[in-house]
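Chains as they are written, first to last, in this note's numbering: chain Z, 368 to 676; chain A, 368 to 676.
No lab work stands behind these hints, which were simulated from the structure alone.
Hints should not be assumed to be uniformly reliable.
To be verified - List of simulated lysine-lysine pairs, BS3-like, C-alpha gap at most 25 Å:
1) Lys-559/A - Lys-593/A
2) Lys-558/Z - Lys-637/A
3) Lys-559/A - Lys-559/Z
Protein chains: 2
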Amino acid sequence: MDQATVFAPATCANVAVGFDILGFALNAVGDTLSVRKTKEPGVRIKEITGTSEILPLDPALNVSGAVLLRLSEDVTPDFGFELSIHKGIPLGSGMGGSAASSVGALVAANALLEEPLSRNELLSYALLGEKIASGSPHGDNVTPCLFGGLTLTRSLDPIEVIRIPVPDDIFAVILHPHYRLDTRLSRAVLKKDLPLTEFVAQSANLAGFIAGCFTQDIPLISRSLKDVLIEPRRASLLPGFFPAKEAALSSGAIGCSISGSGPSIFAWAKGRRKAEEIREKMVSAIIQEGLTCDSWVSGINLDGAHLLS
Amino acid sequence: MDQATVFAPATCANVAVGFDILGFALNAVGDTLSVRKTKEPGVRIKEITGTSEILPLDPALNVSGAVLLRLSEDVTPDFGFELSIHKGIPLGSGMGGSAASSVGALVAANALLEEPLSRNELLSYALLGEKIASGSPHGDNVTPCLFGGLTLTRSLDPIEVIRIPVPDDIFAVILHPHYRLDTRLSRAVLKKDLPLTEFVAQSANLAGFIAGCFTQDIPLISRSLKDVLIEPRRASLLPGFFPAKEAALSSGAIGCSISGSGPSIFAWAKGRRKAEEIREKMVSAIIQEGLTCDSWVSGINLDGAHLLS
């Protein structure tokens with residue numbers, strides 16, 4: 368094989384109750400990355416198209432390029448990688464764009480290797496990409512992007528990822544309001560220590576959510592899918608969040624919260640038709656706030672990043 | 368029926384990763400409470416025997432008596448309750464003694480009513496007992512005592528209890544070192560706010576533990592059954608804790624942590640024989656510290672408080 372093209376799904380991290388540990392992957396939106404073998408060794412980025420054309424072409428400064436440079440150092444292939452990146456995930460949206468950039472490049476390049484690495488081995492490179500992109504190797508976007516489904520990143524050292532079953536017929540609504548979040552502010556609001564009482568309430572919801580997923584108990588998931596710890600601190604930085612959430616919940620969403628650190632918002636719904644209805648209401652709410660947005664209804668991506676050709 | 372006798376199991380709250388929300392019930396140790404109908408209305412405590420004879424006989428000052436007084440006010444039976452309490456649970460041990468006192472009295476008295484209340488209804492009275500005993504209506508002892516098994520108290524208002532499946536053949540070791548914990552100190556160490564990073568690690572373990580219970584994945588439970596939040600702050604108040612824990616883990620325990628707020632220590636093991644071996648090693652470790660203790664090996668009590676006659 369001389370060329371591999373991979374779809375790397377967008378992902379929603381945190382999932383209301385699993386700050387830094389939970390994430391799920393989407394079918395309807397993602398990046399498409401092609402990697403072509405070249406005679407000269409090294410890594411080259413041929414082009415970046417799609418939603419985010421301001422990304423650097425210098426592989427050392429680009430997440431996709433940087434993870435392939437590190438991969439090349441370790442596996443020393445007798446050829447080079449030429450990358451073409453089509454970003455479907457809006458930059459800075461809180462939909463796992465950097466995770467898709469690194470995971471997509473890695474899965475594509477890996478397909479060209481004579482002795483491909485396992486997905487677990489690829490994960491350590493993808494975490495490196497997250498460290499480059501955000502300063503810390505958090506796994507809540509890269510693990511669902513790589514493995515698919517709803518994932519619990521129980522540990523990063525050693526890496527341990529657990530698949531949590533998603534009840535049948537769950538659809539996600541994702542809404543991306545068109546503004547950039549000040550990530551420094553977004554981090555700053557979480558710098559203070561937190562009261563134990565809030566942690567107890569959040570833990571109860573996390574445990575209820577996990578139990579609900581294993582037992583396909585949608586009402587339990589709905590009661591549990593509530594972020595009492597992070598969302599109250601970050602929502603004030605996210606114009607339109609509360610009206611959109613209110614619209615989602617009053618239209619029958621199972622739950623609704625911030626995707627990653629925002630500004631995107633996700634909701635869960637039972638069935639595609641209900642999800643479409645919720646999307647419409649959320650979009651209307653955002654527009655009423657004087658904002659514009661992209662939005663998607665998506666099934667949960669169960670396969671993770673995968674080869675298209 | 369003129370008299371009912373109930374076994375109310377001892378319980379281990381917190382379970383390392385579920386501070387204030389998780390607890391499990393024991394078969395091998397508990398209180399036995401008898402309630403007899405009397406012609407004169409009201410509540411009377413005839414006798415208290417067993418491990419804790421210093422408890423007050425005045426029903427208003429006694430947890431068992433106080434919850435029955437409240438029950439009587441609400442259901443206004445045309446008879447009174449005479450209580451005999453045999454405490455099998457050491458006082459102040461962190462093994463759910465006050466929960467057993469209120470749950471046992473309630474389940475016994477309830478059996479004498481013409482129209483018995485549901486266990487959910489009894490739970491609100493039992494929570495009142497916890498409030499009397501400790502100042503706050505926490506549910507992590509009363510819910511496993513009442514319902515049995517491993518319980519998640521997801522919410523107290525409204526009350527919501529979720530049963531978490533315990534893998535087959537799990538046995539608990541409980542060790543009660545003979546000293547009294549200074550509960551004010553024990554609470555004081557938790558008064559400070561806590562860093563988010565510790566919450567994240569504890570959440571990951573909680574989610575891993577719940578997932579492991581649903582999938583009967585003992586290695587996952589073992590990796591997850593680690594308290595990085597509360598235990599490090601409380602263990603220094605518990606002489607012998609670290610040597611006993613070290614003995615448990617090096618003998619093959621699945622996990623080991625503080626029972627409730629201590630001083631008792633619990634460990635989980637696969638199989639009764641392994642649990643017995645672990646108990647011996649833990650007891651030796653405690654004795655080497657110059658302490659004495661009681662200890663039990665127990666299956667998980669799956670029925671909760673139940674009638675003996």
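Q: Hints the structure violates: just list their numbers, smallest first.
A: 2
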